[in-house]
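Chains as they are written, first to last, in the working numbering: chain A, 1 to 147; chain B, 1 to 147.
Hint data in this document are derived by calculation from the structure and do not stem from the laboratory. A couple of the hints might just be wrong.
[As the list claims (entries may be wrong)] List time: in silico SDA-like cross-link candidates among lysine to any residue, alpha-carbon distance up to 25 Å: (1) B/Lys-105 with A/Leu-88; (2) A/Lys-105 with B/Leu-88; (3) A/Lys-37 with A/Thr-62; (4) A/Lys-105 with B/Pro-107; (5) A/Lys-142 with B/Val-84.
[What the hints assert, rightly or not] Partial list, computed: chain A residues near chain B (C-beta under 7 Å): (6) Leu-5; (7) His-6; (8) Lys-7; (9) Tyr-94; (10) Leu-98; (11) Pro-107; (12) Met-111; (13) His-112; (14) His-113; (15) Thr-116; (16) Gly-119; (17) Val-143; (18) Asp-144; (19) Ser-145.
Yeah, the Cβ is synthetic: ideal placement off N, Cα and C, and Gly gets one too.
There are 2 protein chains.
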Amino acid sequence: MVDILHKVGVRSSSLDDVYDALTTIDGLSGWWTTDTKGDAAVGGVIQFRFPPGGFDMKVLETAPAKRVVWEVVDGPEEWIGTTVSFDLQQQDDYVIVLFKHEGWKEPVEFMHHCTTKWGTYLLSLKSLIETGEGQPSPRDVKVDSWD
Amino acid sequence: MVDILHKVGVRSSSLDDVYDALTTIDGLSGWWTTDTKGDAAVGGVIQFRFPPGGFDMKVLETAPAKRVVWEVVDGPEEWIGTTVSFDLQQQDDYVIVLFKHEGWKEPVEFMHHCTTKWGTYLLSLKSLIETGEGQPSPRDVKVDSWD
Chain A
1 MVDILHKVGV RSSSLDDVYD ALTTIDGLSG WWTTDTKGDA AVGGVIQFRF PPGGFDMKVL
61 ETAPAKRVVW EVVDGPEEWI GTTVSFDLQQ QDDYVIVLFK HEGWKEPVEF MHHCTTKWGT
121 YLLSLKSLIE TGEGQPSPRD VKVDSWD
Chain B
1 MVDILHKVGV RSSSLDDVYD ALTTIDGLSG WWTTDTKGDA AVGGVIQFRF PPGGFDMKVL
61 ETAPAKRVVW EVVDGPEEWI GTTVSFDLQQ QDDYVIVLFK HEGWKEPVEF MHHCTTKWGT
121 YLLSLKSLIE TGEGQPSPRD VKVDSWD
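Kindly generate the complete structure, drawing on both the sequences and the hints.
Encoded structure:
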């Protein structure tokens, strides 16, 4: 099992703002993909769509201002059954987001790609909160020929 | 043991240009940190310096247009003894760079930070080759309070 780990610090004193960006359809549309639909409450499924395809995430846990966990229930085969989590904490002037995408079976080339892409999306989340504008798909940062 | 993996695709038909950016002091200064010195030949040690500190890398392997491997011989404790590698291949219009920073003992918060930072530096490498301009330290992308 191999994991993708990231950290960003959002210059903000509002854990709630970051939490809302992770737990509302409007918030998620502002940094990951504009084509986000579904039910973001615990037990619900959120559909994230991108030009090349998409992911369905079941919401496993939402602890206000603290933690969000999803399980991938549909999407690329390598993603199904993996979990994605965001842990939040205030440290001085920053809301720290510790991100994990856990449970990859093999460190395949697609996992390399997804690591780099997740980094750009988490910086998009940071930008959304700090400036009011993220870079969600389809205007996301392109990292390679897979997009 | 846990690893950091990334992939970028540089829109270029020149494996040599990307290889040069990984194996010359001038090239490395253009995307990772402007404060790069030392001996980039196999067996040499390259000193990379950043405002918060730096890394000394011993060059273990340089296979022209194909692969570069470094071992961290000085720097933060978590980095010492880890290896950093870049594997290159041409795929259609892109030079694909598969990156690995292997041998971390624990998935500490600093590893989360370094994953996100490596992504920004690899996108800086992509930008350097594609546009002639990278974003090396000190004008690198800031990801959190650790820089």
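Tested hints:
Pair hint B/Lys-105 plus A/Leu-88 holds up; C-alpha atoms about 24 Å apart against a cutoff of 25 Å. Of the supplied pair hints, the one linking A/Lys-105 and B/Leu-88 holds, its CA atoms being roughly 24 Å apart against a limit of 25 Å. This hinted pair checks out: A/Lys-37 and A/Thr-62 have alpha carbons roughly 17 Å apart, not beyond 25 Å. Annotation: proposed proximity of A/Lys-105 to B/Pro-107 holds, straight-line Cα distance about 17 Å (limit 25 Å).
Of the supplied pair hints, the one linking A/Lys-142 and B/Val-84 holds, its CA atoms being roughly 23 Å apart against a limit of 25 Å. With a cut of 7 Å, the hint placing A/Leu-5 at the interface with chain B holds, because the nearest CB-to-CB distance is about 4 Å. The criterion of a C-beta within 7 Å of any C-beta in chain B is met by A/His-6, whose closest approach is roughly 5 Å, and the hint holds. Hint on A/Lys-7 holds. Least Cβ distance to chain B is approximately 4 Å, under the 7 Å limit.
The interface hint given for A/Tyr-94 is met, as the beta carbon of that residue sits about 5 Å from the closest beta carbon of chain B, less than 7 Å. Hint status for A/Leu-98: holds, given a least beta-carbon distance of 6 Å to chain B, under 7 Å. Interface hint status for A/Pro-107: upheld, as the beta-carbon distance to the closest one in chain B is roughly 6 Å, under 7 Å. For the restraint placing A/Met-111 at the interface with chain B, the shortest Cβ-Cβ distance is roughly 6 Å, inside the 7 Å limit, so the hint holds.
With its C-beta approaching chain B no nearer than about 4 Å, A/His-112 sits inside the 7 Å limit, and its interface hint holds. Look at A/His-113: its Cβ gets to within about 5 Å of chain B, closer than 7 Å, so that hint holds up. A cut of 7 Å between beta carbons decides the hint on A/Thr-116: the least distance to chain B is about 5 Å, and the hint holds. Hint on A/Gly-119 holds. Least Cβ distance to chain B is approximately 3 Å, under the 7 Å limit.
Against a cut-off of 7 Å between C-beta atoms, the interface hint on A/Val-143 holds, since the closest Cβ of chain B lies about 5 Å away. Checking A/Asp-144 against chain B: minimum C-beta separation of about 3 Å stays under 7 Å; hint holds. Satisfaction of the interface hint for A/Ser-145 is found here, the shortest Cβ-Cβ separation to chain B being roughly 5 Å, below the 7 Å cut-off.
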